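*Asks:* Residue numbers (the working numbering), protein chains in the order written: chain V, 3 to 87; chain A, 25 to 273.
No lab work stands behind these hints, which were simulated from the structure alone.
Quick caveat: nothing in here was measured; it's all calculated off a predicted structure.
Take these hints with a grain of salt, some might be off.
Said to hold, decoys possible - Covered, in the sense of this in silico footprint (three residues per stretch, anywhere, with C-beta under 8 Å from a C-beta of chain V), are these stretches of chain A: (1) 151–165; (2) 168–180; (3) 215–223; (4) 243–256.
Glycine is no exception: its CB is placed at the ideal position from the N, C-alpha and C atoms.
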Amino acid sequence: MADSSRIERARRRARTAKTAVGALTVVVFGVAFAGAKIHAPGHAKGKAKPLGAPASFERTVRHSALQSGEIAPAVQPPAVASSTS
Amino acid sequence: MSVQAVERFRAMGCDVAVAGGDPVSVAAVLEPWEETFSLFRPESELSRVNRSQARVLRVSPRFARALRVALEVAGSTEGLVDPTLCGRWPELVLSGRMLARTPGLTLDLNGVVKALAVDEAVRTLEGPGFVSVGGDLAVQGPVDVALPANGAIRVVAGGLATSGTASRGEHLVDPTNGRPSGSCWEQVTASGATCIDADIAAKAGFLLGERGPEWLDERGIPGRFVGVDGEIVENDAWAGAARAVQACT
Chain V
3 MADSSRIERA
13 RRRARTAKTA
23 VGALTVVVFG
33 VAFAGAKIHA
43 PGHAKGKAKP
53 LGAPASFERT
63 VRHSALQSGE
73 IAPAVQPPAV
83 ASSTS
Chain A
25 MSVQAVERFR
35 AMGCDVAVAG
45 GDPVSVAAVL
55 EPWEETFSLF
65 RPESELSRVN
75 RSQARVLRVS
85 PRFARALRVA
95 LEVAGSTEGL
105 VDPTLCGRWP
115 ELVLSGRMLA
125 RTPGLTLDLN
135 GVVKALAVDE
145 AVRTLEGPGF
155 VSVGGDLAVQ
165 GPVDVALPAN
175 GAIRVVAGGL
185 ATSGTASRGE
195 HLVDPTNGRP
205 SGSCWEQVTA
215 SGATCIDADI
225 AAKAGFLLGE
235 RGPEWLDERG
245 IPGRFVGVDG
255 EIVENDAWAG
265 AARAVQACT
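Working from the sequences, and respecting the hints, build out all of it.
*Replies:* Here is the structure:
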């Protein structure tokens, strides 16, 4: 009877240990999975978007594409004329 | 810049004036542009491209460069200066030297070619001077320039260009309807960091009609507008620069 009780207690300890190891494995896997999902650069975190400049940036570039020259009042007789051709 | 230092000859169908450099060198720069883009030469690359019914073409580096500028200009002017002259410039796709376009869609790159040639030619100058082709000019050092309908301005740096109907009639096409522009201006002169910038600004200012002065002011570009009735309008940027010295004294 005493031997049977010792075996039974040993089995309970073994079951408890297996359960604890299993739970720990699930927790470690879950933490590692979540960490990889969040931090690993190879994992997409959201829906893919096409590469491209925002429309506001394109408008700004277009707006400033033409650049002014430098002019001042004439001080000599003109050497050349600007006209349509 | 003294008047006697100016050399004159014909090229690209226009009067050319050069000061501060070798006119032979300038002519050598202009000739390949005319050879490539003249619509009056059946064997020019532009004429051959326009005749071709191919959907995809391989063009020369010079052609690709000019078309790239023309497409950038079409974008920056929201289609006002358009290499197809009919609002269909978004149908052109240029990748490197490969041009894809709808078969039959013809190009006219004269809106940018002359100014690009001037900007290249001015780099051949050995010292202070200018290159003017048909009245569109780029300078190296300050140059005093006569303006349409009297007046003069000193171009300190960059280029100056005039667009309008005074010389060749209504040759500027409104891309929104494909017809000759009915602008309220006869001639528009604009200043730019380069001749191409000045030329595009002048064309856009002309085609925009009454909105032209404000459009150039929004971009800080000096513009001078001669109306069909002879009235001269200077936008704020032009007026400010042209009177800068007087205001300080």
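*Asks:* Give a verdict on every hint.
*Replies:* To see whether the hints hold, each was checked on the structure:
1. Counting residues of the region 151–165 of chain A whose C-beta lies closer than 8 Å to any C-beta of chain V gives 7; at least three are required, and the coverage claim holds.
2. Residues of the region 168–180 of chain A with a Cβ under 8 Å from some Cβ of chain V number 10, which satisfies the need for three, so the listed coverage holds.
3. For the region 215–223 of chain A, the stated coverage by chain V is satisfied: 6 residues place a CB nearer than 8 Å to a CB of that chain, which reaches the threshold of 3.
4. For the region 243–256 of chain A, the stated coverage by chain V holds: 4 residues have a C-beta nearer than 8 Å to a C-beta of that chain, and at least 3 were required.
The structure fails none of the hints (numbered hints given earlier).
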